[in-house]
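Produce the entire structure from the sequences given, and follow the hints as far as they go.
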Amino acid sequence: LNLLPERATISATHFTDTAQPTPFALSIKTTDGIAPESTKWKLCFDDRRSQMAWLVALTDAVVDGSVREYNRLTLAAEADKWEPGGFHRLYEEGEGSMFDL
Numbered sequence: 007l008n009l010l011p012e013r014a015t016i017s018a019t020h021f022t023d024t025a026q027p028t029p030f031a032l033s034i035k036t037t038d039g040i041a042p043e044s045t046k047w048k049l050c051f052d053d054r055r056s057q058m059a060w061l062v063a064l065t066d067a068v069v070d071g072s073v074r075e076y077n078r079l080t081l082a083a084e085a086d087k088w089e090p091g092g093f094h095r096l097y098e099e100g101e102g103s104m105f106d107l
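The letter at position 53 of the sequence shown is residue 59 when you use the numbering used here, and the numbering goes up by one with no holes.
Note that these hints are calculated values from the structure, not bench results. Just so you know, even glycine gets a beta-carbon here, dropped at the ideal spot from N, CA and C. Careful: at least some of the hints might be erroneous.
As the list claims (entries may be wrong) - Calculated cross-link-like contacts (lysine to aspartate or glutamate; reagent style EDC-like; alpha-carbon spacing at most 20 Å):
id : residue 1 : residue 2
1  : 48        : 23
2  : 48        : 66
3  : 48        : 75
Unchecked claim - Here are the computed distance ranges between Cβ atoms for each label pair:
id : residue 1 : residue 2 : range
4  : 29        : 79        : 18 to 24 Å
5  : 63        : 11        : 29 to 35 Å
6  : 27        : 75        : 31 to 37 Å
7  : 82        : 27        : 19 to 25 Å
8  : 47        : 81        : 15 to 21 Å
9  : 27        : 77        : 37 to 43 Å
10 : 63        : 20        : 19 to 25 Å
11 : 56        : 8         : 20 to 26 Å
12 : 59        : 23        : 39 to 45 Å
13 : 77        : 8         : 26 to 32 Å
14 : 83        : 59        : 20 to 26 Å
15 : 76        : 43        : 17 to 23 Å
16 : 48        : 71        : 18 to 24 Å
17 : 48        : 79        : 30 to 36 Å
The structure is reproduced here in structure tokens:
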């Protein structure tokens, strides 16, 4: 899975969805920024606990990557100016995950 370059979003599917072999699945959708999102992968699990653990882990990876990219672009834009253009908020980057699972 290459979540960041493909601008992926992850969501838990509804247990009544008949397009999956188990009631517990994650839908990973990607977009190119122009076309609507489309499901690229479905990960299926035997129980809700596993489904939610994977949802949190994948969400952590996407959020961490997004924060790092935002900070990188903000600092790069500021570095290209002769004088600082004002305060830009940078978000904390850390080794911890969102829910520390």
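Hints breached by this structure: Per hint list: 3, 4, 5, 7, 8, 12, 13 and 14 violated.
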